[in-house]
Structures are given as C-alpha cells and as structure tokens.
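Residue numbers (my numbering), protein chains in the order written: chain C, 1 to 787; chain V, 788 to 994.
Relax, there's no trap hidden among the hints.
Sample of chain V residues at the chain C side, in silico, Cβ under 8 Å:
no. : residue
1   : Thr880
2   : Asp881
3   : Arg914
4   : Leu916
5   : Leu945
These aren't lab readings, by the way, just hints derived from the structure by calculation.
From the three backbone atoms N, C-alpha and C, an ideal C-beta is built for every residue, glycine too.
Okay, here's what each chain looks like letter by letter:
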Amino acid sequence: MADIRCPNCGKENPDFLDTCQFCQSPLPPSDWKIHIGEEPTPKSTGELEPILPDWLKDIRQQEMDKAEDEILIPPPKPKVQQEPPDLLAGLMSQSESEEEELPDWLKGIAPSLKKEEAAPPPAAQPSPPPFFGETHPSAEPASTGAPAEPSADKLAAWFPENFNQPAPQETDSAPSDDDWLKNLEAFTVPEEPAPAQPAAGEDLSWLRDLEAAAKGAEEPTAPASSEEDLDWLNKLGAVPQEPAPAQPAAREDLDWLKNLSAVTEPPTEPAPAQPAAGEDSDWLKNLGTSEPAQPSAPAFAEPAETKEPPASPKPFQTAPLNELLGDEALRDATPDWLKAALEEPKMPAPGDLSDWFDRQEPPSKETLPTPPSPGAPTPAFDLPAGDSSLPDLDALFNVEMPDWLTGEPEKPVAPSPETTSAPPFAEEGEILAPAELPSWVQAMRPVESAISSTPSTADLVTEREGPLAGFRGVIPLSPIGSSLRPKPFSLKLQASEEQEAAAALLEHLIESETAAKPSQPATKAAAQHALRWALSALFLLVLSAILWLGLRVLYIPPSSTLSDLISALPDASPVLIVIDYDPAFAGELEAAAGPLLDQLALSKHSIFEFIAASPTASGLVERLMRNTNLSKPFPSGLGYRPAEHYFNLGYLPGGAAGAARFIGNPQTFSRYAAIALLTDNVESSRGWIEQLEAAGPQISAKPLIVVASAQAAPMLQPYAASGQAQLVVNGLYDAAKYEALNVSRPGTVRTYWDALGFGLMLTIVAIFIGGVWNLSLRLREQRNAMK
Amino acid sequence: MMRVLTAALAIASGIIVLLGYFLRQAFPLFEQLRLLLTDWAIVIAAGAVLVGILNLVTVQMEKLRTRQPGGLYGALLVFALVVTFGLGLVFGTDHLFLRTAMEAVIVPVEASLLAILTVTLVYASIRLLRRRSDLMSILFLAVLLLLLFAAMPKPFGLTPFLDQFILGVMNTLSTGGARGLLIGVALGTLLTALRVLFGIDRPYGGN
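Isolated chain C, as found in the complex (with noise of 0.2 Å):
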C-alpha cells in the first residue's frame, strides 16, 4: 500500500486516509496532480458501481442519516471523506451505458424516462450540458416564482409526478453566481428534444437522499428544513413551493447550487439576496460570457415542446427519512436500495475501520447496488446533507468545467481490461488497486502549474536540513528529480595507505632534491681556503728558497743507457726531434730533454730539426735551445745557431695522419740518423711511435728516444719494452740519472732535482699529517654521532 506523506508534519500515512492520522490535516491525494500536456486518460468507471462495497454504500446511508439530523442539528464534520470525485466520475458513462437498465427505483421515480430514451437525440444540435439535461429535463419557464427553500415533504410526491411537467422558472437569481447559468442556457435551449443524458456515474446515493428526504418529507419538518443545504436541489426540481424565507448567508460553497434552480425558474417573485460572499464559483458567472445570455430562453426545455426525454428529476429536498421508518406504505414503496438507507449504517466508526474491514463479508450480489441502465439518468451530484466532500466539489469547479459539462457528451467507452479499475477494497487479500480517474475527472483535477503558482502553506515542503532548515516554500536541497542527474562522484583521489606511504616517499624525495641545500659555515669554507693557502705559501716558499740557495744535497744515481744509445749515432747526422708538449710541460721537458741534447750536440754534433705536432710548440724551439745551453754563445752554451745548427720546421698539422704523411716520405725522412720525441702526450706519441712503426723497416730500425713527462712516460714504457722505442726519458728523475753521467751537463737536472725532492718531501708530510688529521676528526665525527 503507497503512503501519503503529510505535507505539514511530513509522516506517512496510509493512502486511504484523507486527513493525517497525526496531525489531522488534509491529505493530498497520491494523484491528484496532471501534469502539463499530460492527457487525461479516459476511464470509465462505470463498472465500479456494481461493486461498490457495502460500507461504501453505508456511508452513504450514514450521510443521509446526517442530513436527516442536520434539519435539527448541525452536522458534525465527519471524520473520514468519502470520495465523491471518484464515485462520480462513472456517472456519465454509466448513462450512456446503454447495456444497463434503470435501477427500478429509478423507474418508478421517472416512468416516461425510458420513452424518451427512444428519442434519438439530433446530431447537429448541441446537447445541453448533461449535468443540467438531466438535471432539469423537464425545464421549462416557470411562471411561479422558485420557492426559495422547497419543502421536503413534498418532494417525494413531486418525483413522480413532475418529471414531465415543466419545471418551474425560477425568475430571480442570484445577482452574482446565477449568471453563469444564464449564460449556460445557450446550451441548454434546444428546440428539438435531446436525448436523454445518461448521467455518468454509479453514485445514486443522492438519489437515495431524495427520496429518503422525500419520506421524510412528509412530516411536517419544513421550518427545520429551512437550515438544510439541500435547499437547493427544491430550486433545481423546480417545484412550485412558497417562496421561502430569505436564506442566511450561505453556509456552504454550494449555494450556487441553491440559485441553479432559479434560472430554470420564471422569475415571479423576486428572489431574496443571495449573498454570493466567500463563493468559489464566481468564476462560473462568465462561463457564457462570450454568448450572451438569453433570458428568455430557458435553460431547460420543457419536455412538451423539445420533445426531450425526461431526465432523472433531480431531488431536491428529502425528509429526513427516519420519520419515514413508521409509514409502512412508504416502506412498501421505497425502493429496496433505499430500505437500507433507513437502517442503521454498517459502516464502522473511523477508529474502527480497520477492524471493520477484517469483518467485513463479501459482499453478495443482494447488497450490492443494482447497476444503473445505461439511459437512467441520474444526477450529476450527489450531494447529501452535510457533505464534507462538497469544498472538493467546488475545488473541481474551480479549475475547468468537465467536458460533459461543456460539450458534446462522450461516447460510452467499453471498460478495457486495462483500464478496468479493481474494486477499490479488494477482498480475501487481494491487493487494493489504486482507483483509476475517469477522464473528466482527470481534467478537472487542479494543473501543475496552476497548483504551483497558487501554493499554499499546506502544499510546501519544510526544509529539514541545510542552512534554511525550518523555512517552508524553500527549494528542497534534495535535489528534485535526482535520478535523472549524473551521479556524483567524489573527486577525492581513493588511494590505499600503501599508495599514500609511497606518495609521501615521492614528495619528500621531491623536497629534498628542490630544496636548498644550507650552506656551509663560513668558518669552515674561510679555514678550506687558509689551507689552501698554506699549502701554496708553504710550497712556494720551501721551493723558493731551494731554487735560490741553489741546494745540491740530494743524491742522485748515474745511467749509462742514454749515453750508449748516443754514442752509436753517427756524427752531425740530422736528427729530427718532435715537439709534442704543451707550454705547461716546458719546464719539465727542457729539463728531461737536456742531457739528450747536450749529449747530442756534444759528442755528436748533431743538426737538430725540430717539427711540432701541436700550433703552440713551434714557438717553443729557441726555448729549448736557450734553456738547455745550446743556442748560447760559448763557452756557457755550444753556440747553436738556428737555420745552421738547428731548423724549426713549424707545425704539422694532421695528427696521426700528419706524422705518417710526414714519416710515409722516405727521401727525406730517411736522412734522419735519429728520432726524438719530447711528449706529454699520450695519444700524439703513440701515434708517432706507430707510424714509425708502420713505415717500413727503414724507418723503424732508426732509434727512437722518447723524453716524457712524468705523467705520460707510464703508458710508453711498453713501447720500449717492446723494442717500439729504444729509450723513455722518464722526467726528471731519468733525466738526473743520464745528466749525472755526463759531467752534470747542462745542470738544468740538477737545479731542480733538490726542489724535486724537498717538494716531494713536503707533499709527503703535509698529506700523512693532513690525512691523519681528518681522519681522527672524521673518526670523532662518527663516534658522537654513534653516542
């Protein structure tokens, strides 16, 4: 079962309920919204009537009963609504139903009814409203004036009896709420007869009513009756009564019903003022404004002259019909639907329903209503004295006239199996089906956007949560309609702890890589930098003052190996020497390369020719020669002179390919008795070594004395070891050995070989005392960090 939520306390409640079970505040229907372009589905509720339940019938009887008790006192406002809407909507299809018979009350109430059924109605004339055809079938120009309160006993006698007759007109109106129906009578006069109407709807219980206050009517109850409701259904039977008393302000929104009767009235006597104050039908005043009104027309023909078939005499006015209890002749003419209004209602209190509903029998074919045939007509309204439901009757006025009543009558619809609606309590646990609207009913219910631009206080939802918790009317912050929007997701990244442990190591890698390493003390940077100095200072000072003492202290063992090679050169040969050293190394080299070219020069008179390997040892040549005493006059040098005793060839470009073009030349390359190289270089002595090499045996038998630095003489020990070069001049420390076996000739050695030394010495001791130094800081280091 779908519940109703409260609009004002927000609980749920069952959707049977038409108030809130808490806070008794009227519940809106769980449809009883259309939305905009939504068409009303037709329903035909028709069938609904046969199997209408007891109780519901009882209800009826209950309200009778009411209105029987209203004439002495004032109705107590029922507990539960009934649903007239719903029971009404199968009226009109109903009368058309041309299967079904007039219930036989029906039949004796209206016998030329079925008469006029055979009348077919025209085609090409409009049909008046079937609300007022039937209504007022007999309507004609009354020449009385319309009682303003009929009375009730003389309306049952009236039932039979003016059905064919014309019904009086009542000449004054209301000033206000009569004019729409004046304006309804350009439907209402049609000059050939209509065919009777068949009423929608399986609610006879206003008929019940009628002739239950018919019954009653008959007492004489009539100044009791002036404070009835149903007043005006004497109005609408058109009755020919005295004119009634003024009538009070209306008490109901119905009183516009009380005047209907008046327009179908001739105007005899003025009408009292009807106050039309606090009316909801105001709107029906201009319903026919667009025609204007004909006032001598009458709004309901009268039977003899448009042949119209008589419909069901509205009853207006019933006695109350337990005073009818003891008149056993009007209880063998009540009909059997009506005995039972008589008794006692069936239907449980409201706090008991649910109690009666698990007593409740079956309901058997006798209790139930005998379906009314298809051209009985039967009242649009069932409106019993004391109806609760007679505000919904007015909310349905409210927003649009149904189409029965503004147009053509539609067609019987054939009850669908889909759109058969189930008994709206379903028996032996059958599960209850919501009840399907007919389409009238479905227009007649309020629009969405007319709801929405008139909201009350009851329809608006209280905010619950957010900041605007506790307003009413406010944008719900659950959003309306959610399941049509994307689902949102959460942007928050789902990371598992070892992938946020991971991320952190990452980002904290990333820290220290970008951020700024704190620089060093400056005490330690300014004591690095004291050091550094120290050390020059005291290098450049121990050398310093060795240098110009001119100290020879240091032994130094003589070597016989240079002096051999050069003894077995021949005299003033060309020897070429090969300057592959940089300006750096030139203090070294001319150093190392002094014994060999003092030798050569000496013993040998050699002619030195001197060709550079790189762009800066050509300029070198009278360095060497000047720095090893050569180019000196005599007797401090051998008196070299360049271009005589010595040429400097220049530089050779090339490299490797250099060298072997110059070596691949053997007419000139062969005159040479000698090849010198006077190298630094690793690469560019290893390829004039191999070049050498590779020129031919000539060449290569030439011998091959390579003076290097300390630093390159490593790497070419394995060429002499391999007979590549027949001599390595290792630095100054070969150098010494070969100038000490030749007289200590030039001394260039010799100078430096104590300053070696000393120096040596010094980078010895300042290495192990630094060394040791750190080292026991470090150890200290790591031994407080250890603590």
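With chain C held as given, fit chain V onto it using these hints.
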C-alpha cells in the same frame, strides 16, 4: 643520394689507404693514392684549425655584442688573437715579439696552472679522509705516500730494499696497466675502422 655518396666516399677512402699500406710494393698506385688522401686530410685538418679560430672569434664577439658576462675578456682575447695572428703573418713565427709573447705569457700561465694543480692535489689528498674515511681511501693514501717516498730524491740515495721493491712494483703494475689500456685502444680503433668501412658508423654524417 647524398647519404649513399658520402658513405661510398668514406668507405672507398679507407679501403684505398689500407691497400696503400698493405700493397704498397705490388700496387704503387694505392700508395700514391694513400699519400694523396693523407695530404688532403692534413690540409683539411689545418683548415679545421682556422675554422676553430674563426668560431672562437665569433663566439666571443657575440658575447661582447649581447653584453654577456665576461664579454670584456672575450674582446681582449679577440684583440690579442688578431694582433698575434697579424704579426705572425707579417714577421713569421721566429719574430722576437712572438717569442716574447710565447715565453712571457703562454708558458708562465700554463705552468702556473700546473702549480695550482699540484697544490690542489695535495689539498685534496689531505681532505680525502675527512670526506671518506673508508678502507679504500686509507689504502689509496697509503700507496700514494709510499710511491712518493720511493720516488723522492733522498740525500743518501735509494734505499737498498724498500726503494727497489716499491719502484719494481710500481713499474710492473703501471706498465701492465698501460699495456692493457693500449691493447684496448688498439682493438677499439680497429673495430671503429671496420665499422666505418662497412658503413655501420658514419661519423661524417648522413645517418
């Protein structure tokens, strides 16, 4: 097309030089071609020196034009280069001015760099144990001190046993290591030559 042409020229030149080496007696033409190609290589290498000098001038002038830091030193370098180059072209390399420039500027500057290197190496050796006090660092410094002590001139000459042992070990180890390096260099050079001859490596471009 250029790619194939350059590769063909490089491979042909290499093959001709090789044939000139190995078949100089049987085919003197290859020897002549080898010498011709070698002369071309020497000229191109000499031109490369000039191209290098021109590039140096361009870079320094760009620094001066864009007012980059050190642009003034670049201008001084270019000025000295132009003056030296001009004087060398006019008076030759044996001119007194060029010899003075060589002996008074180039040789002392480069020699001072070696002197600074000596002090830096000593300082680094002292600070080595401060930064790394592991066994290898200590062993390295110990070996260094022993070699320096063995090679150091002594007033009394070489010690009979220690110096001979140290120098013998040093020569053996250094010579063995150097020989291994040279063999490796020779094999690498051979492999590089073969790759160039087979067109696998194209240092001349065209890849």
